[in-house]
Amino acid sequence: MPDGSGLPEGIVLSSAARAMRRVEARAAWGLAAPTLVLMAILLVLPTIAVLLLSLTDWELGAAHLGFVGFDNYVELAHDRTFVTSLRNTLIFAAIVTPVSVVLGLGAALLIEAEPIGKTFFRTAYFMPVVSLIVAMATVWQYLLHPTIGPLNALLRLAGMGGPNWLGSSDTVLVSLAIIGVWQAVGFNMVLFLAGLTAIPRDLYAAAEVDGVKTGWDRFWTVTWPLLAPTTLFVVTITLIQAVKVFETVATLTQGGPSKASEVLLWTIYQEGFVYLHVGYASAMTIVFVAILMVVTLLQTRVLERRVHY
Amino acid sequence: MAAGSGLALHGIEKNFGATRILSGVTLEAAQGEFIALVGPSGCGKTTLLRIAAGLDYPDQGRVELGGRDITARRAADRDIAMVFQSYALYPHLTVRQNMALPLAMRRLSLAQRLPVIGRWLPGTRETTVGIAESVAQAAATLRIDQLLDRKPGQLSGGQRQRVALGRALVRHPRAFLMDEPLSNLDATLRVHTRTEIVELHRQAGVTTLYVTHDQAEALSMADRVAVMMGGVLLQVAPPAEIYRDPRHRLVAEFIGSPRINLIDAVVDDVGSAVAASGEHPVALVQGLALPPGTPVSIGIRPEHVRLRAPAADRLPVTLSRLEFLGSEVLAHLVLDAGRLPIIAKLVPDEVAGLTAGRCFGLETAPADRLVFAADGQRIDVEPVAGRVALHA
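If you read the sequences in order, they're chains L and E. When the letters of the first sequence are read in order and numbered with our numbering, they come out as residues 1 to 309. When the letters of the second sequence are read in order and numbered with our numbering, they come out as residues 1 to 392.
Keep in mind the hints are simulated off the structure, nothing from the lab.
Covered, in the sense of this in silico footprint (three residues per stretch, anywhere, with C-beta under 8 Å from a C-beta of chain E), are these stretches of chain L:
id, stretch
1, 196 to 205
2, 208 to 219
3, 225 to 238
Take a look, some chain L residues computed to stay more than 10 Å from chain E by CB distance:
id, residue
4, Ser14
5, Val23
6, Phe67
7, Asp79
8, Gly117
9, Val139
10, Leu265
11, Val289
12, Leu297
13, Arg301
Being a predicted model, the structure only gives us computed values, none of them experimental. Even glycine gets a Cβ: it sits at the ideal position worked out from N, Cα and C.
Turn these sequences into a full structure, and let the hints steer you where they fit.
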C-alpha cells in the first residue's frame, strides 16, 4: 500500500481513522507553517539568491545583469588574492582552533580542580567573550606596537628585538591568531566547565578503586573520553568562529601588509561593499558557506557516531 | 574466623562541617564473612562504606584489612573492590575493557599502557595475555561471555549490574564493598540476583560489606546484619537473632515486615507493664525491676498476634480490614484504647468468617513480648517459673 501513510502493507484503515489522520496532518502543517515561512524568507531564499547572483556579473546599482555561468568560479580559482585569502583563513583556523581548545580545556580543568577563586577565574577568562572586540582591538594594537608596546618592551628587557607584530607580513597572521585565541579561550572554557560537571562523580570513584592513581591516568581514563561530545562541539564551534574572522582584520590590518592577513570575510567584504562586484562576492560567499557546511557535516555525520556512547 | 584477618572498622567518626555523620562506629567482618549494613537513607551507611573503600577518610578511627592498618592508604592502594549503585561503568569502553581496566592499572606500567608504543615494550604481551585470561574467567563465572564486546549503553540494567560485579571480581580482591547494587533492578530480577550474589560470595569466599536500605535483602543474604541509625551502629547479629532478639526499639521497627506492633505501657507497683485499656488495664509483662510509673513500650511481631474472644486480661481490638496475600492474611486492627493500629499476620484458615468491625481480645505468648525502655533500649525479662501464664 504505497500511499505514503507509513503503514505496513496490508493494513487498511477505516474511513473514520483516515479522516482523523487527514485532520491531524492539516493541523500539523498549520502549526509548522509560521516557522516554515520564516525559514524560507530568512534562510532558504537568501541562500538561493546568493547562489543565483554568483552566476551573474551584477554590480551593485547596475541596471544590467548578465548571466555568466560558472565564470566567477573559474576566475576565483585563478584569483591570487582569493587563493591567498583562502590559505590565510585556513592557517588562521589551524592555529586558533587547536590552541584555544587545549587552553580552554586546561583552564577549565584548573578552575574545576581548585575550590578557591572559581568565580573570579571563570569571569576573568570569560571577559574577552563579552567585551567588544573592535574596542579591544585598540588595546591589542598598543600591546603589539613595535616601539611603544609593552610586549616588545619586555622582549627588549630580555635582550631580544621584538618583531613588528602587526606590521610585518611574517608575523601578522600569528599576531591575529594570538588575538583570536584570546577571544576563543573563555568561551571554550565555559563549555568545557559545563561538560566537566556532567561527568558522574561515581566514575572517578570507580577509577580510584580500580587503581587509577595519577591525574594523568584519571584524565585519560575518565575525563577525556567522557568530555568527547563536549570537545567535538567545542572544536566545531571554534573552527566555524575562526573561519569567520573579520573584526580584528578590519580594524587592525585591513588585510595587509601586502595581503599577508587577507582572509575570506575581508576579501568578500572588499569585493562586495567596496568594489561593488556583487556577483563575484556572491561566488566567494558560496565557497565560504561550502566550507562551513563541510565542517558541520563532518561533525554530525562522521564524528558524532564515534563520540556518543 | 581468626580475629583481625578480615575487614575491620574501629571507632570511625566522620563529620561534614558541623553535621556528625558517623559517631564511633566499630564493625568487624571476619575473613570471608558477608555483612549487610542496613539502615534508612541518610543514616551514614554509604559514608562508612566509602571510608572502608578509601574514597573518604575518617576524622577518627582506624580501618584494617587482613590485620593491617590501611586507614591512611588511598583507595587505589587498598586491595578492595567496590560495586556502585550506579554501576559506574566506563561508557566508552567495551565490557571486556571495563573488566580489564583494574588489572591493566595494576599489572602494566605507565609506559606499557601507552597506545601503540606500549604494545612493543618488553613484558606487555605476556601481561596482556594474562589479563585477557583473568577477564575471560570472570566473565565465564558471571555468564557474560557473550557480552564482552558490547558497550555498557547496549546492555540492560541486569547485564550492567553483572559487568560491575565482574569488574570487581576480576582482580580477586581481599574485600568486596557493595553499595546498594540491586536498587536499580526491577523486583523480579532483584530477588534473582540476590541469590546469585550469595552464591558468588560462597564460591569466592571474599569478605563482603553490603550496604542496603532493604531489610529483606539484608536478612536473606548476610551472615550477619548490622543495623545503623543516625550514624550509630545499633546492633550487629545474625539475621535470625536480629529478628528474634532486637536490642533496640529502632532495630525492632526497622527489621521485619510488616512492622512490629508497639504498645505503650506503664510499670505498676508490682513491676508489671500495664497497657491502658479503658476501665480494665491489662498487664502485658511481669517481673520488671523498674520503678512504678516508668513508661515502656511492648513490641509484638505481627505473626505472634492471635485473635481471641474478648476477655478481661486481653487487650480489646477491633478488626478494620483484612489484606489477603496468598499464603497469609494481614489483619489490620485498631487498639480500642488510644486508636493505635495493630497488624496481625494470620493464616487464611484463621480468618474464615471474620468481618470488619468485630471485636477481639489480643493474645500473645509472653515470650513474644519484647520490652523497650523509653530511650529505646531493650529490657530483658526473665521468664519467672509459674508466672509465665497469660494472666497478670
